[in-house]
Amino acid sequence: MKPTRIRGRIWVLTGPDGQMYNDVDTDMIFHNRHLHITNLAEMGQHALGNLKGWEDFAQKCRPGDIILAGANFGAGSSRQQAVDCFRALGIAALIAESFGAIYKRNAINSGFPILTLPGLSQMAGEFKSGDELEVDFETGRLGLNGEREYQAEPFSRVQMDIYQAGDLFAYGKTLET
Amino acid sequence: MPGQTVIEKIIQAHSDEEAAPGRIVWMELDVRTARDFAGANVVQNYRTHYGNSPVADASKTFFTFDCVVPAKTIPYASNQHLCRLWAREQGIRVYDVDAGIGSHVAIEEGLAYPGCTFVGTDSHLNILGAIGAFGQGMGDQDIAFAFKTGKTWFEVPPTMQVVIKGELHPPCTARDLTLAVLRELGSSGALGKAVEFTGPAIEALDLAGRITLASQITEMGGIIGFVPPSKEVLAFCRERAGREVSGVYADPDAEYCQVVEVDISNLEPLVACPPSPANVRPVRELAGTRIDSVFLGSCTNGRFEDFVAVAEVVKGEHIAPWVTASVVPATRQVYARLLREGVLETLFEAGFIVSNPGCGGCASGQIGMTGQGEVQVSTSNRNFPGKQGAGETYLASPLTAAWAALRGEIVVPG
Ligand code: SF4
Numbered sequence: 001m002k003p004t005r006i007r008g009r010i011w012v013l014t015g016p017d018g019q020m021y022n023d024v025d026t027d028m029i030f031h032n033r034h035l036h037i038t039n040l041a042e043m044g045q046h047a048l049g050n051l052k053g054w055e056d057f058a059q060k061c062r063p064g065d066i067i068l069a070g071a072n073f074g075a076g077s078s079r080q081q082a083v084d085c086f087r088a089l090g091i092a093a094l095i096a097e098s099f100g101a102i103y104k105r106n107a108i109n110s111g112f113p114i115l116t117l118p119g120l121s122q123m124a125g126e127f128k129s130g131d132e133l134e135v136d137f138e139t140g141r142l143g144l145n146g147e148r149e150y151q152a153e154p155f156s157r158v159q160m161d162i163y164q165a166g167d168l169f170a171y172g173k174t175l176e177t
Numbered sequence: 001m002p003g004q005t006v007i008e009k010i011i012q013a014h015s016d017e018e019a020a021p022g023r024i025v026w027m028e029l030d031v032r033t034a035r036d037f038a039g040a041n042v043v044q045n046y047r048t049h050y051g052n053s054p055v056a057d058a059s060k061t062f063f064t065f066d067c068v069v070p071a072k073t074i075p076y077a078s079n080q081h082l083c084r085l086w087a088r089e090q091g092i093r094v095y096d097v098d099a100g101i102g103s104h105v106a107i108e109e110g111l112a113y114p115g116c117t118f119v120g121t122d123s124h125l126n127i128l129g130a131i132g133a134f135g136q137g138m139g140d141q142d143i144a145f146a147f148k149t150g151k152t153w154f155e156v157p158p159t160m161q162v163v164i165k166g167e168l169h170p171p172c173t174a175r176d177l178t179l180a181v182l183r184e185l186g187s188s189g190a191l192g193k194a195v196e197f198t199g200p201a202i203e204a205l206d207l208a209g210r211i212t213l214a215s216q217i218t219e220m221g222g223i224i225g226f227v228p229p230s231k232e233v234l235a236f237c238r239e240r241a242g243r244e245v246s247g248v249y250a251d252p253d254a255e256y257c258q259v260v261e262v263d264i265s266n267l268e269p270l271v272a273c274p275p276s277p278a279n280v281r282p283v284r285e286l287a288g289t290r291i292d293s294v295f296l297g298s299c300t301n302g303r304f305e306d307f308v309a310v311a312e313v314v315k316g317e318h319i320a321p322w323v324t325a326s327v328v329p330a331t332r333q334v335y336a337r338l339l340r341e342g343v344l345e346t347l348f349e350a351g352f353i354v355s356n357p358g359c360g361g362c363a364s365g366q367i368g369m370t371g372q373g374e375v376q377v378s379t380s381n382r383n384f385p386g387k388q389g390a391g392e393t394y395l396a397s398p399l400t401a402a403w404a405a406l407r408g409e410i411v412v413p414g
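Line by line, the protein sequences are chains B and G.
Residue numbers for the first sequence follow this note's numbering, beginning at 1 and rising by one.
Residue numbers for the second sequence follow this note's numbering, beginning at 1 and rising by one.
Any given hint might turn out to be false.
[To be verified] Examples of chain G residues lying across from chain B (beta carbon under 10 angstroms, computed): (1) GLU17; (2) VAL25; (3) SER53; (4) TRP86; (5) ARG88; (6) MET138; (7) PHE145; (8) TYR256; (9) ARG337; (10) PHE348.
[Unchecked claim] The calculated lysine-lysine pairs, modelled on BS3-like cross-linking and capped at a C-alpha distance of 30 angstroms, are: (11) G:LYS72 to G:LYS387; (12) B:LYS52 to B:LYS173; (13) B:LYS173 to B:LYS128; (14) G:LYS387 to B:LYS104; (15) G:LYS165 to B:LYS173; (16) G:LYS231 to B:LYS104; (17) G:LYS9 to G:LYS60; (18) B:LYS2 to B:LYS52; (19) G:LYS72 to G:LYS165; (20) B:LYS2 to B:LYS128; (21) B:LYS60 to B:LYS128; (22) G:LYS72 to B:LYS104.
By construction, these hints were calculated from the structure, which means they are not laboratory data.
Glycine included, every Cβ here is placed at the ideal spot set by N, Cα and C.
With the rest of the complex left out, here is chain G:
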């Protein structure tokens, strides 16, 4: 038997069928979740098909509310409450509207750990590749079935390897590295594939940087992107999960359908211009573009480290008078640390709106939308027309966004 890639190994460990690319196999799920988006549909499907019968294992089943938190309309509120009541009946834990982005909560709370299998109604759950776990978003029928049976079926995808050459140097950040990969692969370069990242720059990434990279695989068309867990990541997950965890790594003779090299030795800060996350250009070429608003957050750049990077730039200064800027930490834990360490105060003093944790500006304009003609710099993950409003959204690193907020125009950071 040839060597196996990470996804093949993880699925293999959760299935009694051979996990070869192209094969559809039944797999056991360590965790199954629903968020507020589609959560009520999961409950409805479950009730229709399985009545009042219990879920397979309530201790492995969760709700994570993050899209519209707290609910801003009655239908959202009613759907969330329907989930809460059903969760009580079933003994399922709810990470409620105060918790933050579900995929991040899963990592912080140790619900997800390297090598585990994890599904939910969030299409960006593949972010769990950041810790070497298998995460996947699915439809409400699939998730209702997963709640009931604790398993799902999955077509094992082929794996491509992305080799990063060179090292990351300031002012470039994990987001610029991610944009460089997007520029190379385009919006469908990883279509239907799992991706494995390798190279010294990858090994050097902290957890926040790994999350940033993994969060953009969907924008490349990929199924999931794996970052091999470092010692630090393993230690973090061990502590959070309260159990022994070990990373899953590809065999040396694993078979890849494709190997792509991305050289970052001469990387400069990048930005994704409207209308797509793969429309990548150097920040330098856009320098001088006047902006109206800035959004910092989302599952791509909503970590503690991201906001600290911004605070270091704006400390003691004020954002441009014509700019509005908002900050949405990914989770309650991130929020708490930012609060304790004075980072939120720095951002507040510099003129930022500080909001409660969640998907914030990314989902349903929880912290506002852009108006016609408005130019926004955002650290979130998508800039398709209409996604953040009627304006034009440029996706960039927290550092680039911080400098843009300060100067009121796009500038090369540093």
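Just chain B, with the same shape it has in the complex:
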């Protein structure tokens, strides 16, 4: 069984104005000039490489970190690399106010933990990069620095089934008799 409760350092995706970025599209997450890359490890180097102020994200993050993002994260194209680049860096979870529909599908299918926290961008001031966040996938409960609590949407059964199996295809194998 994979852990359903994690604890990690957060990165709050804010822009130069200090506000949380909304509508971060797949070109900002993983630019199309890198689409030829097929090696997972290499993909990580380009994560957020086209988002102003976050070009050096791959250098500063470490495995187990958690990303907080605004509304409609992952809008745009259907590229799987926009999810895989975070997996490659060992990012433990991605929490956003909302996700682009295809991005959500890709993330869930690849067993990458994502959670929706409604109203996140209004509360953005309460979170600082470097804070410690505890995340419970099963209940959706978030604990900030052991002080404050928030309620995100918990994993659905689908999400948990796929997460525990590894990815969508691995889940399919668990159904074989």
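The hints should help you fit chain G with the ligand onto chain B, whose structure is shown.
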């Protein structure tokens, strides 16, 4: 528990989890398909992850070739053949390059029926909402998984209701009604939502008209649009599916996230101008625009009734000398009936190019593209820049297109 909408009921009947809007649930799939586009990728994904193991149920799994039929390049031909060979290994039926548009074949062959769940690699599979079925296009990984397991996961969308006020009168057709809805909702008015249509004009639509309406939900950003099946539609589906079918209808107390009214009592023929299907204007305002070509067909207006409407206009006449016009029936069955009833002859005599069934002018320019500066009137479903070539495409009803072909310019039909 509050009442349920159509999509909630259909998903509920195929899942053991509560199908409430916003919830992601596992659902059983009655039918899973792949078309020639992305079909070979489905096979590759399947082989990589599941080797030679059999699909969950070959009798519920199909290939439908419709995009590039017959294949016009070697890579297309090779991909189609890869699918054929794998289908033989697996015992899966292929509706081959002669069959026609997959979603239409599914309705005609009774593979899809009211209340069923149906997925494939065609992004316009939500057209099955025309018979009150759940259809959805998905990526090649999702479809490979569906082939293997017979299920998929889906986030239950909220449902909006579109109430049509008034009745449809000639020369307005189902396509003009559809354009009126597009004008009201715009290209993202139904974003992420299921749509349910209601009103006397909706009840009066024949199957072809229902297909036209359902085929344009994607252009409004919607997940799927449901037209509640009429007695005639149910009888048709019962006969085609060879089984008892019953329609799925919303509960009277179902919860809608939004209700939109569209009044068509003073409707006039409409046209979607470049560069988007939601850029709708009255045909009247464009009257006199000189045109170069006409395309009739696609999953939006490729039915028998659509071509009959055109034939009635052009019978005994000839299209304008500077116009080229082509006709692509949606399916082999449509083609056969047009042939038997002399409609193709009428169109041929009037100067139309008649092509074999399929996606024709819509996908990959199977029956030609438009050139720089060319003005086209088309009954297909999209007019984004580059979609039909380098020219400008106006989307309109078969009737409006027929009159345009005849006169060589856009005119108000009738
Ligand atoms: S006619 Fe066009 S939109 Fe319709 S199924 Fe074919 S390619 Fe897709």
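Subject >> Residue hint G:VAL25, partner chain B, criterion CB-CB below 10 angstroms >> reply: holds, 7 angstroms
**OP:** Please work out if G:LYS72 and G:LYS165 have their alpha carbons no farther apart than 30 angstroms.
**Re:** Distance of about 46 angstroms is beyond 30 angstroms: violated.
Original post:
Given the hint that B:LYS2 pairs with B:LYS128, does the C-alpha gap stay at or below 30 angstroms?
Top reply: holds, 27 angstroms
**OP:** For the pair supplied as a hint, G:LYS72 and B:LYS104, confirm whether the alpha-carbon distance does not exceed 30 angstroms.
**Re:** Cα-Cα ~36 angstroms, so violated.
Subject >> Given hint B:LYS104 paired with G:LYS231 - CA-CA distance at most 30 angstroms >> reply: violated, 39 angstroms
Original post:
Can G:TYR256 be said to touch chain B, with a Cβ gap under 10 angstroms?
Top reply: violated, 20 angstroms
Original post:
Taking only the CA atoms, is the gap from G:LYS387 to B:LYS104 under or equal to 30 angstroms?
Top reply: holds, 28 angstroms
**OP:** Decide if the proposed pair is consistent with the structure: B:LYS60 and B:LYS128, CA atoms, cutoff 30 angstroms inclusive.
**Re:** holds, 15 angstroms
Original post:
Against chain B, with CB atoms and a cut of 10 angstroms, does the hint on G:GLU17 hold up?
Top reply: holds, 6 angstroms
Subject >> Restraint check for G:LYS72 with G:LYS387, where alpha carbons must lie at most 30 angstroms apart >> reply: Between G:LYS72 and G:LYS387 the Cα gap is close to 18 angstroms, so the pair holds against 30 angstroms.
Subject >> Restraint check for G:LYS165 with B:LYS173, where alpha carbons must lie at most 30 angstroms apart >> reply: Status violated; Cα separation ~51 angstroms.
Original post:
With 10 angstroms as the cut and Cβ atoms as the points, is G:PHE348 at the interface with chain B?
Top reply: Since the shortest Cβ distance to chain B is 42 angstroms, the answer is violated.
This entry does not satisfy hints 4, 5, 8, 9, 10, 12, 13, 15, 16, 18, 19 and 22, going by the numbered hints stated previously.
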